[in-house]
Amino acid sequence: MIAIQGATFIYPGATVPALENLNLAIEPGEFLAITGPNGSGKSTLARLLNGLLRPLEGRVLVDGMDTSDDTALITIRRRVGMVFQDPDNQLVAATVAEDVAFGLENLGLPPAEIRKRVDLALKSVGLENLAARPPHLLSGGQKQRLALAGVLAMEPRYLVLDEATAMLDPVAREEILEQVLRLRREQGIAVILITHLMEEAIRADRMLIMKFGRIFWQGSPREISHQERLLAAAGLRLPAVIALAKSLRQGGIKLATNPVCVEELARALWKLASRE
Amino acid sequence: MEISLQGVDFAYQVAGRQLPVLYNIDLKISAGDFLALTGAGGSGKSTLAQIIAGLLEPTAGKVSLDGRVLPGRGKFRGASPWSRVGMAFQMPEQQLFAETVMEDVSFGPRNMGLSPDRVKARAYKALEAVGLDPETIGDRSPFTLSGGQRRRVALAGILAMEPEVLILDEPTAGLDPAGQELVLDLIRDFARRRDRAVVVVSHNMAEVAAMASQVLVLHRGRIALQGTPREIFRQEEALRAYGLLPPPLTQLMHSLRQRGAPVPTDVLTLDEARDAILHWLKA
Chain R
0 MIAIQGATFI YPGATVPALE NLNLAIEPGE FLAITGPNGS GKSTLARLLN
50 GLLRPLEGRV LVDGMDTSDD TALITIRRRV GMVFQDPDNQ LVAATVAEDV
100 AFGLENLGLP PAEIRKRVDL ALKSVGLENL AARPPHLLSG GQKQRLALAG
150 VLAMEPRYLV LDEATAMLDP VAREEILEQV LRLRREQGIA VILITHLMEE
200 AIRADRMLIM KFGRIFWQGS PREISHQERL LAAAGLRLPA VIALAKSLRQ
250 GGIKLATNPV CVEELARALW KLASRE
Chain G
0 MEISLQGVDF AYQVAGRQLP VLYNIDLKIS AGDFLALTGA GGSGKSTLAQ
50 IIAGLLEPTA GKVSLDGRVL PGRGKFRGAS PWSRVGMAFQ MPEQQLFAET
100 VMEDVSFGPR NMGLSPDRVK ARAYKALEAV GLDPETIGDR SPFTLSGGQR
150 RRVALAGILA MEPEVLILDE PTAGLDPAGQ ELVLDLIRDF ARRRDRAVVV
200 VSHNMAEVAA MASQVLVLHR GRIALQGTPR EIFRQEEALR AYGLLPPPLT
250 QLMHSLRQRG APVPTDVLTL DEARDAILHW LKA
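First to last, the protein sequences are chains R and G.
The first sequence maps to residues 0 to 275 in numbering that gives the first Met the number 0.
The second sequence maps to residues 0 to 282 in numbering that gives the first Met the number 0.
Honestly, I wouldn't trust all of these hints.
The list that follows gives simulated cross-link-like pairs (lysine-lysine, DSS-like), each with its CA atoms no further than 30 Å apart [said to hold, decoys possible]: (1) K270(R) / K281(G); (2) K281(G) / K245(R); (3) K253(R) / K270(R).
Keep in mind the hints are simulated off the structure, nothing from the lab.
Here chain G stands alone, though its shape is the one from the complex (with noise of 0.2 Å):
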C-alpha cells in the first residue's frame, strides 16, 4: 500500500489562533519503505506522524491511501482504510488499560469485529512476535510487568490488528539497552516482509543509521534534509543546526577528518569505522 502527502499544511487552534506546525509536506511511503523522520524537539515530526496515521487531518493539502483521497480516521466509522495504518505513541504503555494482558492485545482486534477464535489467534501471535509467551504472561495485569514488558504488550496490541504499514513515535525512549534491542527486534521483524512499511520517529541517529533505508529531517516544520543515512549523516553541519548529532561513530570520523585525516565520514556501523581508521593508520 501507499501513503502520499502533497502539500500538506498543520496547524493547532489555540485560543482562536493559528499555531502552524507544518509547512508545505510532501512525502510519498510505499510497501517496503523503512523511513526515518528525525528533527530536533518541536521540528513537526510527532504531529507528521499522525499525519500520515491518519490521527490528525492537515489544514491544507491531501493525503492518500494507494491513490484515493481520504479524509482523517475520525470521519470513519467502523472498517476503515485506515485500520492497514498502525500507530503507536511516545509511550504507548501509559495507555494500557485492561486487567489483563491478553484483554488488552484482543482489543484492537476485537473491535474489527474478528471471530473470538480469531482474535485470540491474533493476540497469540502478536505477544509472540513482540517476544513475549502469551501461556504465563497472558493473565497477568499489565501493571504488574516491567516497563520494557509493559512497552510491548503495548506494540502487541498494534501488531494484532496487523497493520501494512507501522508508525512508532519514538519507540525506544525510556527504556534499558536490553529492552531497547528487543524492541529493535521486533521492528526490524515486522519490516522484513516486502508488503509492510515502517515509519520511525527518532532523535537517536544510531538507530536510524541501523535500521533506516531512507531518513527525513524536519526544521521547524519544513523537511529541510531528505537521504540514505549515510547520505545524511555526511551533513554534520547541517544536521547541528537542525538540532541533531550524527551517531557517535560519525562523529569521530567528522572530527578527524577535520584535523586532516583522509577518513570517510558516511561510516555506519563500527566495523566500518574501524576498517577505515586501520585502513588510514596503517597507510
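For reference, chain R alone in the conformation it holds in the complex (with noise of 0.2 Å):
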C-alpha cells in the first residue's frame, strides 16, 4: 500500500501549497484514476508516490518504506514506476534497446535476464521491431512507449502514469491503456493514472479529482460522470456520450441507463428501438 499522511508541499518561491495536508491510501492492485484542472497538484501528487519530491510536512509511505529515508529510496523507485507526459526527458541510452536495459544494468541484473527483459517490455508495448533506433527518431508515441517499456522492465508494483497517454494517437493510447491494465489483471500491478480524459478516467474503480492541491472529490467514476455541475467545477467537460445522452433525454428519449461509453449507449438505444 502507498499511504499519503497529511501530506504539505510548497514549490521554492511559491506562496501557496501545491498540495495541502493530503490524505490517501492507494492499494496494490487498485485502478485509481487522478484528474483535475492544468495546476490543481496532481503532478506534484504523483511526484510524492515515489520520492521524487518529498513533502514537507506529513510524509508518504510505500510498502511501510518512507520517502524521506534515503536508504529505502532505491526500493521504492523500483516499486513505483512512472511515466510522464514528455518523454524526451526519459530517454537516455543510444539505442531503444539499450534504454530499456540502461535502469535493469543499474540494478546488476545477469545479462540474460536483462536481455530477457528487455525483449519482453519492447514487446508488450510493440516496439521490438524498434530495438536498434535512435531514441531522437522516434514519433512522441513512440518515445512514450519506450518511456513505458523502460519502467515495465523495472517490474514495479505500483504504476504512475501521469499524462503518459497525451501524445498518443487514439489507437496506440487504448492499446498502451489495455497493456497496462493486462499486467494488472496479470500481476496485480496498480495502475495509478493521471489524465485529463474523462473516457480513460471512467474506467477506473476509483476517481479523484484535485482541485487547489486538495482532493476535491472522490468516488466511483460512473456516480460523477453524469454531475456535469461537478465536473465544470474541477475543470472537466462531460464526455461527448454522456452529452449526447443527456440531450436525447431532452428530446423525450427514455433511456433505461446511465450510458457512459459509445457502447453502452448504442446498446440502450438499440434496445429501445427494438422494443418498439
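Hints in hand, dock the two standalone chains.
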C-alpha cells in the first residue's frame, strides 16, 4: 500500500502550497484515476509517490517505507514506476533496446535476465521491431511507449502514468491502456492514471478530482460522470457520449440506464428501438 | 500565399543508413485553407509539418512558395520568404527561454529587424490575441505561469511574427479542457481571415472535426485518405486500419448503423447526432 499522510508541499518561491494536508491510501492492485485542472496538484501528487518530491509536512509510505528515508529510495523507485507526459526527459541511451536495458543494468542483473526483460518489455509495448533505432528518431507516441517499456522492465508494483498517453494516437492510447490493465490483472500491478480524459478515467475503480492542492471529490467514476456541474467545477468536460445521452433525454428519449461509453449508449438505444 | 509540395520524399540519415519517413507527397495549401494532418504515431505527420514549414528539406521533390521553388529556411540568412510561415512545435512552451513573457514574445519580431516601438506593439497584440493581458503578465517569468498559460505565451511568440500560414503540431496535447478550449479559440481567430491558412497536426479527431475544412490521413509515410471531415469519418474501418478512431459521436453512429439502424455516419456535432437519433427513433 502507498499511504500519504497529511502531506503538504510548497514549491520553492511559491506562496501557495501545491498540495495541502493530503491524505490518501492506494491499495496494491488498485486502478485509481486522478484528474483535475492544470495546476491542481495532480503531478505534484504523482511525484510524491516515488520520492521524486518529498512532503514538507506529513509523510509518504510505500509498502511501509518512508520516502524521506534515503536508504529506502532505491527500493521505493523500483516499486513505483513513473511515466511522464514528456518522454524526452526520460530517454537516455543510443538505441531503443539500450534505453530499456539502462535501468536494469543499474540493478546489477545478469545479462541473460536483462535481455529477457528488454525483449519482453519492448514486445509488450509493440516496439520490438525498432530495438536498434536511436530514440530521438522515434515519433512522440513511440517515445512514450519506450519510456513505458523502460519502466515495465523494472517490474514495478505500482505504475504511475502522468498524462503518459496525452501524445499518443487514439489506437495506440487504447493499446497502451489495455496493456497496462492486462499487467494489472495478471501481475496485480496497481495503476495510478493521471489524465484529463474522462473517457479514460471512467474505466478506473476509483476516481479522485484534485483542485487547489486538495482532494475535491472522490468516488466511483460512474457516479460523477453524469454530474455536469461537479465536473465543470473541477475543470472537466462532460464526455461527448454522456452529453448526447442527456440531450436525447431532453428530447424525450427514455433511456433506462446511464451509459458512459459509446457501446453502452448504442446498446441502450438499440434496445429502445427494437422494443418499439 | 500558397505552399505546394510536389513528389516530396524524406528520409533521415542514421549511422550512414537512410531511414525513409515520407514517400511521394503532393500537397497544396492556399490562403483560406484549414488543413488537418492526422495519422498514427510514426506515420510521418510531424515530419511533413516541418517540411511544409521549410524546417526540413525534402530528400527528393520540390517545395514552392507562391509558385517559386525554394530551399529550406536554413539556406537563408536574415529575411526570407519563410518568415511568412510560422510553426509551433509539440509542447512549444518547453522552448520558452527569456526572463520575462514580454521578452520571449518580442524575440521573433526583434529578429525580423523591426523598430522597438513596432516590436512592442506586436508583442502586445499577440498576447491579447492569445487571451493574456500584457500589462499584468508581461513582466512575469514564464516559469511562474501555468502549463496552459505557458503554451499560449509560446504561441503568442509565433503570432507576433504575423505569419500568413500557421502550422501547429498537436497544439492542445497535455492541456486541461479549459486550456484546450482557449488554444482552439485562438487558432479559430487566426483562421478567420481569408488571407491566412492553418495546418494542424492532430490525432484528436473531435478537434479536427470542429475546425478543419480538409483532412489528410497519413499512413506509413504516404497520403492514405484525403477529404472533408465528413468524407473521412464515414470510413471508420479505414481509419482504424490507419491507427485512428473517428470522434466518439461518429463511432456511436457507426455502431448503431452496424446494428441495422438507418442513421447517417458522418455527423460532426452533438446536435447533428441527436437530431439523427431522434429522427430514427420517432420514425
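| said: Hints numbered earlier in the text: which of these fail when held up against the supplied structure? | reply: none
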